[in-house]
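Undergrad: Chains A, B and C supply the protein sequences, listed in that same order. Here the working numbering is used: position 318 in the first sequence is 395, and no number is missing along the way. Here the working numbering is used: position 13 in the second sequence is 659, and no number is missing along the way. Here the working numbering is used: position 64 in the third sequence is 67, and no number is missing along the way.
Keep in mind the hints are simulated off the structure, nothing from the lab. Just to be clear, a hint being listed does not mean it is correct.
With a Cα cut of at most 27 Å, we get these calculated BS3-like pairs of lysine-lysine [as the list claims (entries may be wrong)]:
no.: 1; chain 1: A; residue 1: Lys440; chain 2: A; residue 2: Lys241
no.: 2; chain 1: B; residue 1: Lys648; chain 2: A; residue 2: Lys240
no.: 3; chain 1: B; residue 1: Lys707; chain 2: A; residue 2: Lys323
no.: 4; chain 1: A; residue 1: Lys323; chain 2: B; residue 2: Lys648
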Amino acid sequence: MRLFLITLSVFCVCAVVSADAQPRSPQIFDLVEPFPSVFPPEQVSARDLPNDAGGSVTVSWRISRSDPEVDAYEILRGQELEGDFSVIGSVEPGTCEFIDTGVSDGVSYFYAVRAVKGEVKSESTPSAEVSSSAQWFNRNRTSMLIALAVFSLLVMWFIYRAKKGVELFIRKISGLEAVDDAIGRATEMGRSVLYIPGIMDMDDIQTIASVVILGRVAKKAAEYDVHLHVPVSKSLVMTTAQEIVKESFSAAGRPDAYNPDNIHYLTDDQFGYAAGVDGIMVRERPATVFLLGAFYAESLILAETGHSVGSIQIAGTAMPAQLPFFVAACDYTLIGEELFAASAYLSKEPLLLGSLKGQDWGKAIFMFLIGAGVILETLGIINLSRFLVTR
Amino acid sequence: MKRQAPLIITFLAGFAMILGYFIPHEPFGSLQQILNTWYMVVAAFAMILGVGNLVKLHSAKIRRRSPGFGYSYVLLAGLAAMALFGITRGIEPGTVFYWMWWNMHVPMSSTMFSLLAFFVASASYRAFRARNVEAALLLIAGILVMIGRVPLGDMIWSRFPDVADWIMNVPNAAGQRAILIGIALGVVSTSLRLLLGIERTYLTGD
Amino acid sequence: MGFADRIREIDRRIIFLVVALAIIIPLLIPIGFPIQVSPSVRDLYNALESLPPGSKILMSFDYGASTYPEIYPMSLALLRHCFRRGVKPIIMGLWPEGIPFAERALQVTVEEEGKVYGEDYANLGFKAGGIVVMQALGRSFEEAFPVDAYGTPLSDIPVMQSVRNYDNVAIVIDFSAGDPGIPAWIMIAQGRFGKPVGGGCTAVSAPQFFPYLQAGQLVGLMGGMKGAAEYETLIRTRDLGSAGMDAQSIAHAVIVLFIVIGNATFFLGRWSSRRNKGTS
């Protein structure tokens, strides 16, 4: 009996010990993997960047559930789904998009995104295959193409009508009506005409508009035998202005009166130029000053000095910030588009006037679109404004 | 051909820029950048012409002993000094060029800019007269904005800054936008005229 | 000439003298007008304040000597704010004159806040090209700036090692006095690459940027010396901006006074000539 009890005890002890030693039967929490310390990003997708010259792929993903604690996301790229992926960039936490600009067109790529927290990295499943390509048309700019086409057609139409001899009404612009009288004033007073074509270079459309007007002013100055002085801020403007004035003097039958030294360079520096022009105004005391072109902060300095020496001043610029200064200090001011209309207005050529009418009709269309857009937006219909936005 | 060649070049260059805006595919996509780079190179070399013109004119003034020729000496000396020191000793902090730039050019430029304060005062005094309804409106708006934009306005009435902000953000912004739309159309119209050769004065003077 | 006519035709040099005194006296004897912060400056401040420490921002110095008195105080205030928040500015310039001004501002603020080059900030220097440079930054900073202002490759600068392009900077701040400036940064950095853009500009240019503020294309804007003074108020540091506000206030008041006097003499003159016409 004693032997049986001892045997049973030993057996029970062994059973207990071996139960601890042997693997337990699987339980529910053994079947579930422990929570990762960093969750991977999800839903990684890659697509060719639209409306570009190729070589770019946009990678997007849903941010990791651990995002506030994530240090960064690493973006990986490979050419085989099962092959090696290498890190091509990293972004700040909270970011869910990355543009890869290091791809070759026509080559297939796969992407994955890895959330990084310290030494721990958690990688997503790879994206579908993607390859980049260049597009032949930027669809984001469709509205701009339509606007350009419509505007060009309008301008062509009115030029055609002008050629046919149809009379086109253009409203009076006082500043431009006064140009001849202003130059005549200089003749009577025996003083010069000072022409300032702005401080920007020939790549600015305002400067081009200004030198076009300079041609007409130069022709008048040659006819009236008035000294024309054109100090400029940029070398290319100097060479262009010299050519224009020379041709204008020739056209007026006064090539002998042309002196290239009257169109000269001062300095590229904004306020150095203003100081130089002010000095010319105070010394020469011109009867007439034209301030036509692109100006910045020096506009009021020039205009006030011109006023102080008793000149009649005709100004014009398409810089909205400078318009109030010219309006306050000058006798006549061409506001914005009036500067661009000047050439057509002064020449009265039908072709040029036709383009002005086209421009006006273009403005009417814009006004209609603004009104329509305001009404539609108020009603919650945003399709029009979305279509008109370009990138 | 002397007149046609520049017109053809203008048309082709302008058309290329337009194509570059709408067609991202190479070679069109980078046309704008290439042409802009060419322009910057040309403009940089053109600066030699400008400096040459400056030296030529002022040398002639000195030779002829024209009125104010002493200032021509100052100009030429300054031009030579900045160029010489800049090229031979560099332009980094600690060089003579840097010293002249910080202690001569910067104060002079700042001084010229500060003249605006005085000219604004004299222009306002002369121009802000309530001759008619529009001028009176301009006058009132100007006064409200001038007072509202400084701490003194807030001291006089706490709503002054809000009034000034409203004037700047509503009627002023609306007017600026309208002017900008007109300017944009003017730019397109002028550009079309230039591209199509309708406007030729910049080439020929007539 | 009657009294009203004499006042109306007053020599402008007297106006200049009075304005000069109105500016000089408050600079010598500060008054200390309280400075109210405008929404656009507060928005810019909040945009930086919301950035976690260690964030990088791109700061472009695009102004020249003439606008230095207005814009330099802004850059000091913003750099102080960055350094105190632990935000790391990456400095660059699209105007050649901008970088020396940046270096001067860094000299002052780095010493104050005890910052180290390469760890807490970097200076990429000047690059010609305007919009071309802005576009290149969208692809790669190293493409636009292979080395920094001192010739060190970007890969050797600790603060630049995690910065590849716009994706790795939180915001772009532009101190702008013309072109290239804020409109170009909005067009490229904000429009094409979706990066928030904030700015500082001269007081006379500020109105043209209000439409961008309203449209949300600019996160905030400092306009002129007042903008700098407002930012200094927010970071609780009185410096050049605040010092100029007393003078600006008195000068504005003097100009308004002149306008009122001018109008008074104008109407007086008109009334007097009507009266003379009536009696003659």
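Undergrad: Compare the structure with each hint and give your call.
TA: Results of checking the hints against the structure:
1. Lys440/A x Lys241/A: This hinted pair holds, its Cα atoms lying about 24 Å apart.
2. Lys648/B x Lys240/A: holds (26 Å)
3. Lys707/B x Lys323/A: This hinted pair holds, its Cα atoms lying about 23 Å apart.
4. Lys323/A x Lys648/B: holds (16 Å)
When each numbered hint is compared with the structure, no violation occurs for any of them.
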